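Asker: Taken in sequence, the protein lines are chains B and V. The first sequence begins at 1378 in the working numbering and counts up by one. The second sequence begins at 11 in the working numbering and counts up by one.
Worth flagging that the hints you see were computed from the coordinates, not collected in a lab. Remember, it's a predicted structure, so these values are computed and weren't measured experimentally. In this text, a Cβ means the ideal position worked out from N, Cα and C, and glycines have one as well. Be a bit skeptical, because a hint or two may be false.
These stretches of chain B come out as covered by chain V in the derived footprint (C-beta under 8 Å, 3 or more residues) [what the hints assert, rightly or not]:
id	segment
1	1568-1574
2	1597-1605
Facing chain V, a subset of chain B residues (Cβ under 8 Å, in silico) [as the list claims (entries may be wrong)]:
id	residue
3	Asp1405
4	Arg1433
5	His1494
6	Tyr1507
7	Val1508
8	Pro1512
9	Leu1533
10	Ile1534
11	Pro1535
12	Leu1594
Computed, partial: chain V to chain B, Cβ under 8 Å [as the list claims (entries may be wrong)]:
id	residue
13	Gly73
14	Asn80
15	Thr102
16	Ser103
17	Pro107
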Amino acid sequence: MTARIVARGVATLVLTAGLGLAGARAVDAASTSSPAPTSAPTTAPNALTLATLKERCNVAVQRRLGTLSADGTFVKHAAGLTSTDRTTLASQISADQQGLTALDLTIQGDTSFQQAHVDCQRIVTDYRVYVLEDPTIHETIAGDGITKVNSTLDVLIPELQTLIDNSSVSATIKAEAQADLNDLTGKVNASSTSISGVTSSVINLSPAGWPGDQVVLKSAAQNIKTARADLAGAREDVNHILQLLGE
Amino acid sequence: MINGTAFRNGMLGVLAAVAVAGCGATRLSNAADSTSVTAPSGAATQTPGVTPSAVPSAAPISGQVPQQINSIDSQLSTIDAQISAANAGLSTSEGDPSQ
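Using the sequences provided together with the hints, build the complete structure.
Answerer: So this is what it looks like as structure tokens:
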């Protein structure tokens, strides 16, 4: 296993453990790039028979179905997801699950190695579960979550202002708390700017748009990271304000 | 000749002013003792996944503030897990199912 595959496994274990689920998902044998559409071999390579090919393709489908099932659980329980995005992601997952299941049946029914090989490649080209659908789901959940935190902080800020205004601490301490609150406000605004349009940019990406989709996903990931960093600073400001006020 | 009542009232006012000044000095001292020396962060870039430090409460915060803070912390944990999962996906390949 490569380090990347281990990282995916660890991340999944953390997530599934957090939701009380057991098990981890595996990925196909690593390759440096997705298989390019080429003419399928008409005869089986040395040790690869039609039956073996079908079995491998079935395993590949089952692994992806497992990933999609886990993602479906995340989508179902993610408190920060908007109802619209939850419905969209759930529909995409369901469609992929049905499509992959149907494709697996097709592969198992293929009578030639060539046809089975062509159909097997569609597991990648028509779905791109690992590199597209799965990251899209996680980025959408993260993006909506950041938006929700921004909204909660927007409600919290005037309450903190009231605490500062009504506090009996000295003018100097109040000024320091006010500076923190101003910084907090700035960070929330910055976070909102960074996350604006991020989820909408990724949620409807499709396998047909690959490899261009990858650029969009990476850009979204960077914006999410930037927004999250601002929220970390905002959270520290909240702590400091409350400490200054003796709350 | 100084009016006795006015003089008495003036002295009472002086005593009251001294008492108020003394209370203010005491409050300032207490506030300074409880002030955290941690400077507020001004940089836009922070380390994600920072665990919020415990907030010492000298008096319970009224209203929805604690509930909102708990909601924020819970959501930030979820966000961090999703970011990690997304990054893992961006670092992997789809593989070759026939292999």
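Asker: Output the numbers, in ascending order, of every earlier hint that fails for this structure.
Answerer: Going through the list in order, the structure violates hints 1, 10, 11, 14 and respects the others.
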